[in-house]
Amino acid sequence: MLFQKSLVSIEDVSTEDIEEILKISDSMVKLLEAHKNPHSMDSYVMATLFFEPSTRTRLSFESAMHRLGGSVLSVSDVSSSSVAKGETLADTIRMAEAYSDIIVIRHPLEGAARLATQFTAKPIINAGDGSGQHPTQTLLDLFTIWKEFHSLDGLNVSLVGDLKYGRTVHSLIMALSRYDVNINLVSPPSLRIPDHFLARIPKSKKVRITESLDDVIDSSDVLYVTRIQKERFADKNEYLGLIGSYSIDEVIAGKMKKSAIIMHPLPRVDEIKPEVDFTGNARYFRQASYGVPVRMALISLMMGVS
Amino acid sequence: MLFQKSLVSIEDVSTEDIEEILKISDSMVKLLEAHKNPHSMDSYVMATLFFEPSTRTRLSFESAMHRLGGSVLSVSDVSSSSVAKGETLADTIRMAEAYSDIIVIRHPLEGAARLATQFTAKPIINAGDGSGQHPTQTLLDLFTIWKEFHSLDGLNVSLVGDLKYGRTVHSLIMALSRYDVNINLVSPPSLRIPDHFLARIPKSKKVRITESLDDVIDSSDVLYVTRIQKERFADKNEYLGLIGSYSIDEVIAGKMKKSAIIMHPLPRVDEIKPEVDFTGNARYFRQASYGVPVRMALISLMMGVS
Amino acid sequence: MLFQKSLVSIEDVSTEDIEEILKISDSMVKLLEAHKNPHSMDSYVMATLFFEPSTRTRLSFESAMHRLGGSVLSVSDVSSSSVAKGETLADTIRMAEAYSDIIVIRHPLEGAARLATQFTAKPIINAGDGSGQHPTQTLLDLFTIWKEFHSLDGLNVSLVGDLKYGRTVHSLIMALSRYDVNINLVSPPSLRIPDHFLARIPKSKKVRITESLDDVIDSSDVLYVTRIQKERFADKNEYLGLIGSYSIDEVIAGKMKKSAIIMHPLPRVDEIKPEVDFTGNARYFRQASYGVPVRMALISLMMGVS
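Residue numbers (our numbering), protein chains in the order written: chain P, 1 to 306; chain E, 307 to 612; chain X, 613 to 918.
Note that these hints are calculated values from the structure, not bench results.
Mixed in with the good hints there might be a few duds.
Where chain E lies over chain X, by a calculated footprint (3+ residues, C-beta under 8 Å) [unchecked claim]:
1. 665-673
2. 729-740
3. 815-829
4. 896-904
We put the beta carbon where it would ideally sit given N, CA and C, even for glycine.
Input sequences plus hints: build the corresponding full structure.
Take a look at the structure:
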């Protein structure tokens with residue numbers, strides 16, 4: 001029941017809602033393959049209010065709306081625009097409300113999207129708020145796994161890289177915890193998953209914490225790689241010393257099961273070598289492309305039009 | 307008869323045209339409420355050329371065009387784009403003419419919109435030219451009052467704040483002067499309405515000039531509040547001394563007639579307190595939302611399609 | 613056979629393809645005159661990825677797509693956006709591929725568009741890559757001449773200005789060389805056409821190289837004027853000394869045949885005086901407007917929908 005609801009955190013979404021989103025996303029994939037425009041959003045306008053630029057996320061939302069026949073009001077960098085010059089977030093949101101039917105907001109501050117929902121009756125989609133949430137990324141991650149394995153159960157999922165700061169990974173872990181999965185958390189000690197976060201994973205899940213990719217590489221069904229940012233390290237030598245051991249190349253990919261997939265929220269820099277793009281395990285580009293059908297499904301459900 | 311005409315100043319528009327715009331705007335409100343896209347602008351393209359950013363105004367125009375089924379070419383900041391690098395306004399306008407059917411122009415210099423009309427046979431809408439005109443703001447102001455009181459006659463309208471520099475207020479006064487209204491002009495002495503402007507109000511109107519909001523607060527039907535900009539004052543103490551007396555709070559709003567409305571062109575900063583948003587008198591958000599149906603009406607009339 | 617092909621250089625296009633583009637462009641002119649939207653691109657999305665701003669070119673492509681009923685994902689300045697922050701061109705192109713059906717790319721570096729075609733199976737249109745190619749400009753130049761003279765054969769075409777660096781002129785010469793034309797190359801010695809380029813013009817063409825506009829002004833059917841950029845000269849006096857002799861005014865235009873036309877890729881600065889705009893020979897604004905029907909034709913052919 002997402003009709004006219006906002007989506008701020010993946011934890012707002014029931015497991016039944018996720019099931020529905022996955023199924024409708026799948027029908028959207030078919031629609032896209034058939035190159036059909038359902039025109040279901042013909043009389044709808046979406047506003048994309050980006051308080052910090054994120055071209056990839058913005059274009060994915062805008063493509064989804066266009067593929068449904070809808071229109072878009074695009075503000076690619078609110079903070080450099082005239083809006084918000086001394087204006088409160090409340091008033092900027094009310095402006096978007098006056099001109100559109102659904103508001104996508106990206107903001108550098110955690111909690112901004114939740115706050116925004118208090119100023120409007122129109123549905124808001126959080127497209128990332130600082131170190132907070134980015135629920136549509138999690139939905140497209142789930143969809144990618146589901147499309148590949150026809151289920152979210154019975155899988156061995158390894159999350160690799162920065163597990164301390166990465167909001168993408170945090171949300172994905174919480175979402176996967178609803179299903180029957182084994183979770184492997186692979187990171188350097190300094191970027192280990194925070195304890196308070198670990199405590200929220202249900203005891204019934206099999207969780208393995210390791211520093212070594214080798215411990216999990218051959219048993220993983222999903223290898224979800226994230227970026228390790230140099231800025232996180234006070235000691236640059238520490239960074240340089242470990243960056244290599246979490247970088248996926250052809251040799252590492254070669255150790256994976258044939259059916260296993262490599263995912264990444266993109267953009268990637270060095271953590272997946274370009275040579276991996278041509279292996280049978282690479283799924284990060286397809287994962288990115290699923291952003292469109294998943295957001296089409298979500299918009300349709302929120303607008304109550306399908 | 308707005309067909310294929312430009313709209314540079316509210317004074318270009320006959321009283322009959324205003325009546326027509328109000329009526330069609332009203333039918334556009336109904337269309338929006340029914341969430342119907344008439345597709346009347348299906349084969350039309352609007353160019354929004356903003357020589358200075360004004361996201362609020364730009365999005366309002368773009369929303370209006372999308373709600374009619376039309377397309378938009380959007381240049382949110384012409385001056386930072388490649389166009390106009392040494393190019394004359396004339397050639398930039400001719401470019402827009404070649405690619406679109408109707409051109410919305412915002413420019414920091416007074417007179418720019420009028421000048422623009424000389425270089426193209428296509429209709430131009432002035433979306434604000436420096437201290438000059440912003441006629442669609444005036445039209446939506448009139449529509450807001452008309453929607454509320456079912457008439458523009460017999461009203462007591464108080465304009466509050468910066469009456470010296472505020473182009474919004476100047477245009478609104480001239481437009482209201484066509485109707486049977488009493489006009490109260492409330493401002494500090496240093497921001498009094500200019501004499502040459504006062505001289506243009508017909509003698510038949512009852513005009514009251516005062517520094518005190520208290521003089522008019524209980525008799526006003528419309529309280530139109532504008533921003534007092536700190537930059538206008540050489541003496542910052544003078545600014546600080548008077549800013550408070552023109553700031554509307556719940557107590558002041560409480561002195562108003564129950565049927566009276568508070569308007570503001572937005573964005574507001576301190577001149578209306580957030581607590582006022584929840585009073586029955588606040589109409590500034592609805593006023594802003596009327597920007598869409600009023601611009602829909604205007605575009606339809608100018609393109610001759612309805 | 614442009615279906616699903618990329619367009620990087622005018623030399624990629626066969627003479628038969630050019631004929632087809634000219635004919636379909638002509639039917640697009642009629643469509644535009646009748647103000648009909650064929651909706652042929654209803655379920656198609658175009659991404660315009662501009663790694664350097666070029667508002668004129670961007671809007672021309674976007675207008676073309678809108679006139680066909682299609683949608684646009686617009687990135688007016690990729691380099692200042694989040695995309696490409698350490699991301700490779702390959703990954704940025706793959707992002708656009710995931711969200712759209714056809715990708716228009718403008719890049720400051722020569723060869724970027726060709727490189728881009730290697731990372732995607734979707735058609736790419738080069739909208740200018742540094743000193744490289746800008747094939748749609750050439751197509752609209754050809755269309756302008758063809759519309760005027762109903763043929764590309766039997767004409768006397770004079771190219772004036774910077775023939776050394778001007779990519780527009782280079783592409784046009786190569787394209788015109790396929791037809792029965794006389795080519796006059798008018799430039800100061802320091803901006804003469806490069807020898808290696810001259811060598812590529814078929815021996816069968818009558819080519820005249822001169823410094824003097826007077827040598828060709830009365831015999832030309834087409835006078836194609838380009839900008840001489842001050843930056844090209846180490847010696848500013850040399851620039852100032854010659855800039856005047858290649859600047860078209862009413863007197864020079866008056867020496868032309870009545871049927872002759874003046875063209876320019878725009879924007880122009882001083883090389884064509886505004887007074888020339890009102891002569892019967894000026895065609896540069898119409899030329900610019902043909903950017904829309906020519907790009908409509910091209911998009912339709914590449915998408916295989918008409």
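Which numbered hints are broken by the structure, listed smallest first?
-> 2 and 3
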